[in-house]
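Q: Using the sequences and the accompanying hints, generate a full structural model.
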Amino acid sequence: MQAQNHSIKSWAKDDRPREKLLSKSPMQLSDAELIALLLNHGNKEKTALDMARELLQLGQNNLFELGKLSVFELMKVKGIGKAKAVTIAAAMELAKRRQLSQAVELKAITGSRDVAAFLQQQFGDYRHEVFIVLFLNRANKIKHKEIISSGGLTGTVADPRIIMRKAIEQDAVALILCHNHPSGNLHPSKADEELTRKIREAALLLDIRVLDHLIVSQDGYFSFADEGLI
Numbered sequence: 455m456q457a458q459n460h461s462i463k464s465w466a467k468d469d470r471p472r473e474k475l476l477s478k479s480p481m482q483l484s485d486a487e488l489i490a491l492l493l494n495h496g497n498k499e500k501t502a503l504d505m506a507r508e509l510l511q512l513g514q515n516n517l518f519e520l521g522k523l524s525v526f527e528l529m530k531v532k533g534i535g536k537a538k539a540v541t542i543a544a545a546m547e548l549a550k551r552r553q554l555s556q557a558v559e560l561k562a563i564t565g566s567r568d569v570a571a572f573l574q575q576q577f578g579d580y581r582h583e584v585f586i587v588l589f590l591n592r593a594n595k596i597k598h599k600e601i602i603s604s605g606g607l608t609g610t611v612a613d614p615r616i617i618m619r620k621a622i623e624q625d626a627v628a629l630i631l632c633h634n635h636p637s638g639n640l641h642p643s644k645a646d647e648e649l650t651r652k653i654r655e656a657a658l659l660l661d662i663r664v665l666d667h668l669i670v671s672q673d674g675y676f677s678f679a680d681e682g683l684i
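With the first letter of the sequence shown counted as 1, position 36 gets the number 490 in the working numbering; the numbers rise by one all the way through.
To be clear, the hints were calculated from the coordinates, so they are not data collected in a lab. For every residue, glycine included, the Cβ atom is placed at its ideal position computed from N, Cα and C. Hints are supplied without guarantee of correctness; some may be wrong.
So the derived label-pair ranges between C-beta atoms look like this [to be verified]:
hint, residue 1, residue 2, range
1, V540, D625, 16 to 22 Å
2, R592, K530, 45 to 51 Å
3, H495, L660, 54 to 60 Å
4, R663, G535, 22 to 28 Å
5, H641, F526, 30 to 36 Å
6, Y580, K530, 17 to 23 Å
7, D625, A537, 39 to 45 Å
8, T564, E681, 14 to 20 Å
9, E600, K478, 37 to 43 Å
A: Printed below as a string of structure tokens:
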């Protein structure tokens with residue numbers, strides 16, 4: 455009977471997501487129930503839980519894939535307007551930042567694998583290319599990370615002067631350059647190699663080391679240092 459009733463308020467109290475969270479724990483709720491709480495309410499045709507299930511289906515029943523969807527893609531689900539879509543997108547971004555905030559404080563770099571895992575976790579679902587710099591202290595811990603430039607589907611340009619200025623501001627002694635390839639192609643272009651050379655030469659003048667330049671995608675990574683290109 456509950457499946458035919460479009461108001462969650464009419465459900466048994468123990469079945470309502472909000473009451474379930476209050477009386478038990480957020481861990482006891484399904485992904486759909488948690489999303490339903492973000493949606494707050496449904497409409498005349500569907501409950502918030504119905505909409506949440508459809509959103510999950512749109513994301514291939516995978517929260518990671520759901521987090522990749524834009525506001526306008528989320529609005530493809532009937533009943534999901536701009537306000538609801540923005541709420542879901544904001545929640546997904548907060549979840550990502552929560553997971554990564556501790557990693558930035560604690561992550562000590564020991565090799566390209568560490569950096570690649572860190573970057574894939576943070577930027578692997580970007581659909582456009584971004585150029586990121588990790589600013590390291592003397593203990594090889596990440597002091598700061600920043601997207602230096604953001605481009606389109608096929609490329610982005612990073613200004614060495616901006617990178618050097620920020621390195622000085624952060625009192626960094628080493629840098630790791632990184633950018634993603636949404637296409638999945640991990641082979642560096644001539645432009646990638648030339649940019650790496652320019653940044654490395656500029657850093658040397660300030661006694662700052664460029665430890666590596668990584669290209670990452672969801673499926674793997676390419677390390678300039680591992681390949682003897684830096």
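Q: Are the hints correct? Go through all of them and say.
A: Evaluated hints:
1. A hinted range of 16 to 22 Å for the beta carbons of V540 and D625 is inconsistent with their spacing of about 37 Å.
2. Range check, R592 to K530: about 49 Å between beta-carbon atoms, so the 45 to 51 Å window is met.
3. Under the hint 54 to 60 Å, the C-beta atoms of H495 and L660, about 56 Å apart, fit the expected range.
4. For R663 and G535, the hinted distance range of 22 to 28 Å is not satisfied, since their beta carbons lie about 50 Å from each other.
5. The hint said 30 to 36 Å for the Cβ distance between H641 and F526, and at roughly 32 Å that hint holds.
6. Checked against the given bound of 17 to 23 Å, the beta carbons of Y580 and K530, roughly 20 Å apart, stay inside it.
7. Remark: the range hint 39 to 45 Å for D625 to A537 is upheld by a beta-carbon distance near 43 Å.
8. A hinted range of 14 to 20 Å for the beta carbons of T564 and E681 is consistent with their spacing of about 18 Å.
9. For E600 and K478, the Cβ-Cβ distance of about 40 Å falls inside the hinted range of 37 to 43 Å, so the restraint holds.
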